[in-house]
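Engineer: Sequence:
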Amino acid sequence: MARPRAFDEGVALSAAIDGFWAQGYGAAGTRDLAARMGLTTASFYNAFGDKRGLFLKALDQYLVETLRQRIARLDPLPPREAVAGFVADVVERSLADPQRRGCMLINAALDVTAQDPEIRDKVAGGMEQIRAFFQRHVQAGQADGTISTAQSAEDLARLFLGVVLGIRVMARLHADRDQLEGMARPVLALLTP
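Quick note on numbering: our numbering labels position 135 of the sequence shown as 158, and the sequence is numbered without any gaps.
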């Protein structure tokens with residue numbers, strides 16, 4: 024019979040997220056991660072298998088705590104407000120990060136996905152959730168007349184995804200409100216009927 028875990032996995036995963044987010048997958052060492060999580064190296068390996076296994080669980084938790092919660096909060100809004108709210112959240116989250124860590128999902132796309140198909144698929148799934156959110160709300164806004172039909176919903180969704188990714192990457196270099204909002208304003212203007 025397996026012994027019950029003597030630690031809170033959610034707390035440990037939050038600490039792991041901070042470690043991966045701050046250092047990136049490649050630079051985060053197993054011992055450092057275990058120490059951040061308050062675990063011995065043996066407990067780390069028993070609970071998560073290896074760094075890759077931990078990263079997959081940490082990425083899942085990050086997606087739940089950030090992306091899925093944001094989508095759930097914004098989905099009930101009217102279409103234009105939902106789209107603008109998502110972009111505004113990304114800008115505010117970027118500006119509120121003094122460490123300029125960016126987005127863990129995007130960081131993973133740049134750091135890990137070339138070497139690991141499973142991580143690449145998980146990252147692509149997160150990106151697809153963002154694109155689908157935008158497409159769903161643009162289509163709804165086009166149907167009710169609150170969003171322009173000059174561009175297809177599919178193209179606008181892809182464009183919004185690209186802008187969100189760009190904002191998060193630029194925020195790592197230069198987290199300046201004027202710059203980030205300046206990236207968002209022109210694409211939001213495309214929504215005007």
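Please note that the accuracy of each hint is not assured.
Claimed, not checked - Straight-line alpha carbon distances no greater than 20 Å define the calculated SDA-like cross-link-like pairs of lysine to any residue that follow:
| # | residue 1 | residue 2 |
| --- | --- | --- |
| 1 | 80 | 61 |
| 2 | 80 | 169 |
| 3 | 74 | 102 |
| 4 | 74 | 103 |
| 5 | 80 | 111 |
| 6 | 74 | 84 |
| 7 | 80 | 102 |
| 8 | 80 | 141 |
| 9 | 145 | 76 |
| 10 | 145 | 61 |
| 11 | 74 | 97 |
| 12 | 74 | 155 |
| 13 | 80 | 98 |
| 14 | 74 | 171 |
| 15 | 145 | 123 |
| 16 | 74 | 181 |
| 17 | 74 | 141 |
| 18 | 74 | 119 |
| 19 | 145 | 65 |
Claimed, not checked - Between beta-carbon pairs, the in silico distance windows are:
| # | residue 1 | residue 2 | range |
| --- | --- | --- | --- |
| 20 | 178 | 104 | 31 to 37 Å |
| 21 | 212 | 167 | 15 to 21 Å |
| 22 | 108 | 202 | 16 to 22 Å |
| 23 | 173 | 79 | 46 to 52 Å |
| 24 | 108 | 49 | 22 to 28 Å |
| 25 | 172 | 197 | 30 to 36 Å |
Keep in mind the hints are simulated off the structure, nothing from the lab. Just so you know, even glycine gets a beta-carbon here, dropped at the ideal spot from N, CA and C.
Engineer: A separate judgement is required for each hint: does it hold in the structure or not?
Structural biologist: Now the hints, each set against the structure:
1. At roughly 17 Å between alpha-carbon atoms, residue 80 and residue 61 fall within 20 Å of each other, so this suggested pair holds.
2. For the suggested pair residue 80 and residue 169, the alpha carbons sit about 39 Å apart, so the restraint of at most 20 Å is broken.
3. A distance of roughly 40 Å separates the Cα atoms of residue 74 and residue 102; the hinted pair therefore is violated under the 20 Å criterion.
4. About 41 Å separates the Cα atoms of residue 74 and residue 103, which puts this hinted pair outside 20 Å; it is violated.
5. Annotation: proposed proximity of residue 80 to residue 111 is violated, straight-line Cα distance about 28 Å (limit 20 Å).
6. With a CA separation close to 15 Å, the supplied pair residue 74 and residue 84 stays within the 20 Å bound.
7. Note on residue 80 and residue 102: the hinted pairing is violated, with a Cα-Cα distance of about 32 Å set against a maximum of 20 Å.
8. Our distance criterion of 20 Å between C-alpha atoms is met by residue 80 and residue 141, whose separation comes to about 12 Å.
9. For the suggested pair residue 145 and residue 76, the alpha carbons sit about 13 Å apart, so the restraint of at most 20 Å is met.
10. For the given pair, residue 145 sits about 27 Å from residue 61 by alpha-carbon distance, which is inconsistent with the 20 Å threshold.
11. Distance check on the hinted pair: residue 74 and residue 97 sit about 33 Å apart at the alpha-carbon level, beyond 20 Å; violated.
12. Taken as a hint, the residue 74 and residue 155 pair is broken in the structure, with Cα atoms around 30 Å apart against an allowance of 20 Å.
13. Proximity of residue 80 to residue 98 is assessed by CA-CA distance (about 25 Å); at most 20 Å being required, the pair is judged violated.
14. For the hint linking residue 74 to residue 171, the alpha-carbon distance of about 46 Å lies beyond 20 Å, and the restraint is violated.
15. Between residue 145 and residue 123, the direct Cα distance comes to roughly 23 Å. Violation of the 20 Å bound is thereby established for this hinted pair.
16. For the suggested pair residue 74 and residue 181, the alpha carbons sit about 32 Å apart, so the restraint of at most 20 Å is broken.
17. Taking the CA atoms of residue 74 and residue 141, the gap is near 14 Å; set against the 20 Å cutoff, the hint holds.
18. Restraint check for residue 74 and residue 119: the C-alpha separation of about 28 Å exceeds 20 Å, so the hint is violated.
19. The hinted pair formed by residue 145 and residue 65 fails the criterion: a straight-line CA distance of about 27 Å is larger than 20 Å.
20. As the Cβ distance of residue 178 to residue 104 is approximately 21 Å, the hint placing it in 31 to 37 Å is violated.
21. Distance hint check: the CB atoms of residue 212 and residue 167 are about 19 Å apart, consistent with the given range 15 to 21 Å.
22. Here the CB-CB span from residue 108 to residue 202 is close to 20 Å, well matched to the stated 16 to 22 Å.
23. For the pair residue 173 and residue 79, the supplied restraint of 46 to 52 Å is violated, since their beta-carbon distance comes to about 41 Å.
24. As the Cβ distance of residue 108 to residue 49 is approximately 34 Å, the hint placing it in 22 to 28 Å is violated.
25. Judged by the Cβ atoms, the range 30 to 36 Å given for residue 172 and residue 197 holds: they are separated by roughly 35 Å.
Of the numbered hints listed earlier, those contradicted by the structure are 2, 3, 4, 5, 7, 10, 11, 12, 13, 14, 15, 16, 18, 19, 20, 23 and 24.
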